[in-house]
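Peer 1: The lines below spell out each chain.
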Amino acid sequence: MSDESIIPEDNDDVLAAELSLGLLSGDALTHAQRRARTDLRFASLVEDWDIHFSSLTETIDPVAPPKGLFDKIKAQAYPESPQRIWKKLGILPALIGAGAAALVLIIAMQFGNYMQPTTPVASLVAEVVAEDESIIVAAAYVEDSQTLFVEWQVGDRIPDRDVELWLVADGDAISLGVLSKEGKVTEVSIPAELRNLLVGGALAVSDEPLGGSPTGVATGEVLAVGPITTL
Amino acid sequence: MTTREDIEEMIHHVALNDRAAFEGLYAATSAKLFGIILRVLKDRAAAEDVLQDVYMRLWKGGAQTFATGRASPISWLATIARNRAIDRLRRTKPESGLEGVAEPADPAMGPEDLVVASSERAQIDGCLDELNPDRAAAVRGAYLDGETYADLAARFDVPLNTMRTWLRRSLISLKDCLSR
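The listed protein sequences correspond, in order, to chains Y and A.
Sequential numbering from 1 applies to the first sequence in the UniProt record's numbering.
Sequential numbering from 1 applies to the second sequence in the UniProt record's numbering.
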């Protein structure tokens with residue numbers, strides 16, 4: 001009898017622990033991360049493990065970080081960033097990273113109906129992330145208004161250059177225009193013929209001359225790419 | 001003395017982009033988080049980058065995802081710091097193992113700016129002690145050194161599938177113990 005038979009593959013507790021510990025890779029990791037974002041029961045198992053394992057850090061001695069570090073953080077943090085729009089959309093960008101992505105998303109209720117007659121609800125989201133995570137651009141699509149909200153959240157913008165947003169679908173990259181400067185949410189109205197391409201597509205951002213690519217195809221470096229996910 | 005409630009309060013205010021709360025949270029928690037990140041990365045420059053990234057993420061929306069009640073705030077923050085450090089480790093992992101790399105210590109820097117009551121005594125330590133020592137070491141290695149199944153199989157010199165089975169069994173035992 002093989003050992004595997006003793007431990008069913010679908011033991012969620014074990015899978016949650018493996019995700020929390022960071023033992024998974026490849027498809028298994030992708031699959032588990034998706035479940036942690038969409039399956040609340042599973043997300044709560046992962047969180048249970050996160051809490052237990054985190055107490056392994058209790059015996060680690062604090063070390064004061066260098067004095068100037070917080071100044072760097074402040075300089076990066078304080079250009080204004082309109083978080084409110086994300087709240088209104090009932091979603092929060094996935095900012096936590098491995099394992100704890102579970103804690104994200106959801107929560108439209110809490111920003112409920114007293115704000116406005118109908119709370120816009122995002123149906124598609126994308127996190128457009130550079131390979132080294134030096135750049136993060138969050139996007140959410142609201143079906144009712146056929147609007148894609150895009151925010152450059154993390155990363156330095158190149159002076160005197162623009163960032164252009166692309167919808168990548170069926171092997172083509174279609175320009176969705178240039179992004180507003182850092183700290184502003186860009187609203188992109190999605191024309192009817194592109195709406196069907198969003199599901200299963202991806203978003204990308206590239207470095208372009210001011211005003212965007214003169215040719216209609218990306219001319220500069222592709223800075224970050226991220227798949228569009230259905231909520 | 002900074003209490004759990006103080007830190008919770010600060011996180012909630014950081015979620016509202018309250019700068020004073022952000023500065024308070026940093027003062028109260030950065031040394032602990034830096035200690036954790038250094039423990040994982042064993043590289044000061046990389047640890048500074050990751051610490052900066054953690055606080056940026058908290059400021060830029062991460063703090064809004066904190067839910068009062070489940071995780072204690074320091075456990076929640078420790079999880080974020082550890083996860084970001086492991087992500088960084090995975091991206092820059094050197095060919096050789098990290099065993100034997102001395103942990104940087106700076107005696108000039110004291111932990112004076114962090115006093116957090118450790119309310120729950122680490123139940124997991126007791127439960128790990130019930131496991132075979134090798135397997136407890138494997139779980140700790142995965143959590144604090146970012147060791148994957150492949151790394152652990154190499155360290156304990158067993159086939160990958162054996163390591164996977166060992167560890168899965170250990171995780172089931174752990175779960176049983178933790179739910180007692």
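Hints in this document: simulated from the structure, not taken from any laboratory.
Beta carbons: idealized from backbone N, C-alpha and C, even for Gly.
Be aware that one or more of the hints could be misleading.
Covered stretches of chain A, going by a simulated chain Y footprint (3 or more residues, C-beta under 8 Å) [claimed, not checked]:
| hint | segment |
| --- | --- |
| 1 | 5-14 |
| 2 | 26-39 |
| 3 | 49-56 |
| 4 | 73-80 |
| 5 | 130-138 |
| 6 | 143-154 |
Only part of the chain A face toward chain Y is listed, based on derived beta-carbon distances under 10 Å [to be verified]:
| hint | residue |
| --- | --- |
| 7 | R44 |
| 8 | T68 |
| 9 | R90 |
| 10 | R91 |
| 11 | I124 |
| 12 | R180 |
Peer 1: State for each hint whether it applies.
Peer 2: Comparing the hints with the structure gives:
Against chain Y, the segment 5-14 of chain A contributes 0 residues with a C-beta closer than 8 Å to a partner C-beta. That does not satisfy the three-residue criterion, and the hint is violated. Proximity of the segment 26-39 of chain A to chain Y, defined as three or more residues with a beta carbon under 8 Å from a beta carbon of that chain, is established by the 9 residues found. Beta-carbon proximity to chain Y at under 8 Å applies to 5 residues in the segment 49-56 of chain A; the threshold of 3 is reached and the given coverage holds. Coverage of the segment 73-80 of chain A by chain Y holds in this model, with 5 residues showing a Cβ closer than 8 Å to a Cβ of that chain against a need of three.
Under a criterion of three residues with beta carbons nearer than 8 Å to beta carbons of chain Y, the stated coverage of the segment 130-138 of chain A fails, only 0 such residues being counted. A count of 5 residues in the segment 143-154 of chain A with a Cβ less than 8 Å from any Cβ of chain Y is obtained; the coverage claim is therefore met, three being the minimum. The interface hint given for R44(A) is met, as the beta carbon of that residue sits about 9 Å from the closest beta carbon of chain Y, less than 10 Å. Annotation: interface hint on T68(A) violated; nearest CB of chain Y at approximately 12 Å, more than 10 Å.
This hint holds: R90(A) has a C-beta 8 Å from the nearest C-beta of chain Y, less than the 10 Å allowed. Hint status for R91(A): holds, given a least beta-carbon distance of 7 Å to chain Y, under 10 Å. Among the interface hints, the one on I124(A) holds; its C-beta lies about 5 Å from the nearest C-beta in chain Y, closer than the 10 Å criterion. Below 10 Å, beta-carbon pairs count as interface contacts, and R180(A) has none with chain Y, the closest being about 13 Å; its hint is therefore violated.
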